[in-house]
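Those protein sequences? They're chains D and V, same order as listed. Read left to right, the first sequence gives residues 1 to 513 (the working numbering). Read left to right, the second sequence gives residues 1 to 84 (the working numbering).
Any given hint could be a false lead.
[Stated by the list, open to error] Here's a subset of chain V near chain D, in silico, CB distances under 10 Å, partners left out:
#	residue
1	Leu10
2	Thr12
3	Met17
4	Gly18
5	Asn21
6	Gln23
7	Pro30
8	Tyr33
9	Gly41
10	Asn43
11	Ser55
12	Glu64
13	Glu65
Hints listed in this document are in silico derivations from the structure and should not be mistaken for laboratory results. Since this is a predicted model, take the numbers as computed values, not measurements. We put the beta carbon where it would ideally sit given N, CA and C, even for glycine.
What follows is the residue order along each chain.
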Amino acid sequence: MAGQAIHLKKEILVRIIKAFLSDDFEEQARLIPYTMRPKGMEVPYRCCVYKERAIIKDRTIAGLGFPIEEDDETVSLATYAKKALERKEISDKNLTVLQAACKGCATNRIYVTDLCQGCVARPCQTACKFGAISIVNGRSIIDDSKCKKCKMCVNACPYNAIVKITVPCEDSCPVGAIKKDETGFASIDYDKCINCGRCTAACPFGAVHERSQIVDILKAIKSKKKVIAMIAPSIAGQFPGTIYQLKTAIINSGFDDVYEVAQGADITANNEAKEFMERMEGVNEKNSEWLNAWVNEGGYGEEHEEKTEKEENVRNFMTTSCCAGYNQLIKKHLPEIKPYVSDTKTPLYYTAEIVKKEFPDAVTVFLSPCVAKRAESYDNPNVDYVMNYEELGALFIAKKIQINELDESKYVVESSKQARNFGVTGGVAESVKASLRDEDAVKPMIINGLNKDSIKQLKKYATSGSCDNGCNLIEVMCCEGGCIGGNATINNQKIAKKQLDTLLNNSHDIDKI
Amino acid sequence: MAKVEVKVCLGTTCYVMGGSNLQELNDIIPRKYGDKVEIMGANCLGLCSINWEYSKAPYVKVDEEVVTEATVEKVLEVIDRKLG
């Protein structure tokens with residue numbers, strides 16, 4: 001995400017946590033905008049210190065877990081802090097938009113710039129099928145009421161004088177769930193939103209916030225309940241030091257124990273491999289039945305018979321099922337692919353089940369690279385809260401924990417190399433492959449990031465019933481690069497991958513099924 | 001001529017506030033300056049606790065000069081200046 005905006009968000013999280021840990025949470029929360037922008041300070045971004053403070057207040061509201069849109073500006077942060085402490089339940093709406101920041105962003109439109117030369121050929125006018133372009137004073141002008149934003153004129157202009165002004169949040173959303181409306185404010189349609197978090201990363205003003213559960217988590221820790229952290233595989237590579245030092249750091253910050261979700265990823269990989277073989281056996285059987293029938297009946301010319309119910313259920317490919325963003329996409333926009341999606345549960349599901357079985361009274365917190373997992377966790381009673389990597393980083397800062405200077409703590413279960421690589425694009429398919437004795441049975445197709453094109457591609461596979469190039473296992477990752485590209489990651493992918501590789505080189509191979 | 005010494009703070013605050021990306025300097029510096037510049041990671045330099053707390057993190061020290069809100073570009077600029 002845009003550097004300064006993310007810096008600001010993290011700083012606010014640190015201050016919220018420090019306020020919570022102080023003697024007077026409410027008063028310290030109220031003071032956050034004033035401490036960050038004290039009287040007389042040079043104003044870094046906006047018109048005046050008052051607007052800066054107002055916007056910091058809005059961001060703090062999201063950090064305290066509330067929707068910014070519903071704020072009427074009269075309620076003080078002290079009251080929000082109090083309400084956060086009293087809150088018993090978390091919301092299923094995970095994102096909130098700081099609409100005051102949308103002001104600086106022009107609406108989505110096609111615009112003729114000063115570069116227009118007023119040429120004689122007027123290819124833009126010819127290209128426009130809607131009669132939206134007229135020539136005034138020798139220059140092209142677009143009538144917005146007629147323009148359908150098809151971009152034909154943009155492509156037609158030999159001077160590149162016509163541009164499409166994009167709204168980054170709208171542009172980044174693969175499902176059209178965030179829109180800047182007539183009033184100029186962006187808002188999210190939660191019926192469409194798949195919680196992919198792209199808009200949070202795309203907005204240069206940092207206007208889209210995750211609604212943090214940090215206060216709820218700190219409250220659970222303070223209440224002396226047993227609080228257990230479950231760390232997503234992609235966390236290796238996000239912080240200084242090793243994942244063993246990280247375990248010590250997480251415990252020092254107040255948690256009672258730490259489980260690697262890679263432990264669940266080992267189960268997911270094995271189960272998915274079994275399921276894959278069963279499904280593909282069906283395909284092989286069907287093919288040989290068809291071949292026999294073809295031979296017996298003398299080859300071509302035979303009409304297609306009615307498909308039996310069993311044949312109907314045979315699918316030529318299977319898709320993975322561990323990405324929360326993808327699962328939301330299936331539910332809200334791509335139900336036709338459901339029969340092809342593996343029934344295997346996510347690594348988080350298995351891990352949380354193990355933890356809750358062992359400690360039924362414990363509060364479980366998933367440490368997550370993305371907002372999509374908040375949606376999955378909300379639906380899973382075994383996962384109580386979600387804390388993203390930025391929030392964990394803020395907690396370490398507030399508690400002054402130096403990870404790379406700590407001793408290492410071992411995990412009860414050491415996860416495999418393949419499971420620990422689940423958060424990197426291609427890693428899940430690879431783990432399924434490595435779980436099988438006959439690795440060649442898997443012909444993977446990797447969907448590295450959900451966008452309008454890849455969604456179309458998936459839709460095509462679902463409707464046609466087959467995948468390109470004879471592929472039979474489609475791995476779908478919502479974020480480019482996989483979970484290491486999640487919206488709440490700290491490190492850039494190249495460096496994260498390098499750090500993760502060090503861990504992988506010292507991990508054992510996955511068990512075969 | 002004495003080597004220019006670059007210390008990248010690997011303390012948690014600096015790392016989380018954007019210092020993680022400074023690890024790219026590990027590749028860039030030897031390639032660009034050979035053995036004229038030495039780069040090393042350092043435990044918390046203690047700079048985040050003074051002056052505006054963490055809000056100027058990440059920090060890098062080039063010899064005795066502190067680079068605040070350090071980026072790869074900023075650090076290279078200071079090195080270039082030192083090397084004249």
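Kindly indicate which numbered hints from before are broken by the structure, ordering the numbers from low to high.
Violated hints (numbers, rising): 7, 8, 12 and 13; every other hint is consistent with the structure.
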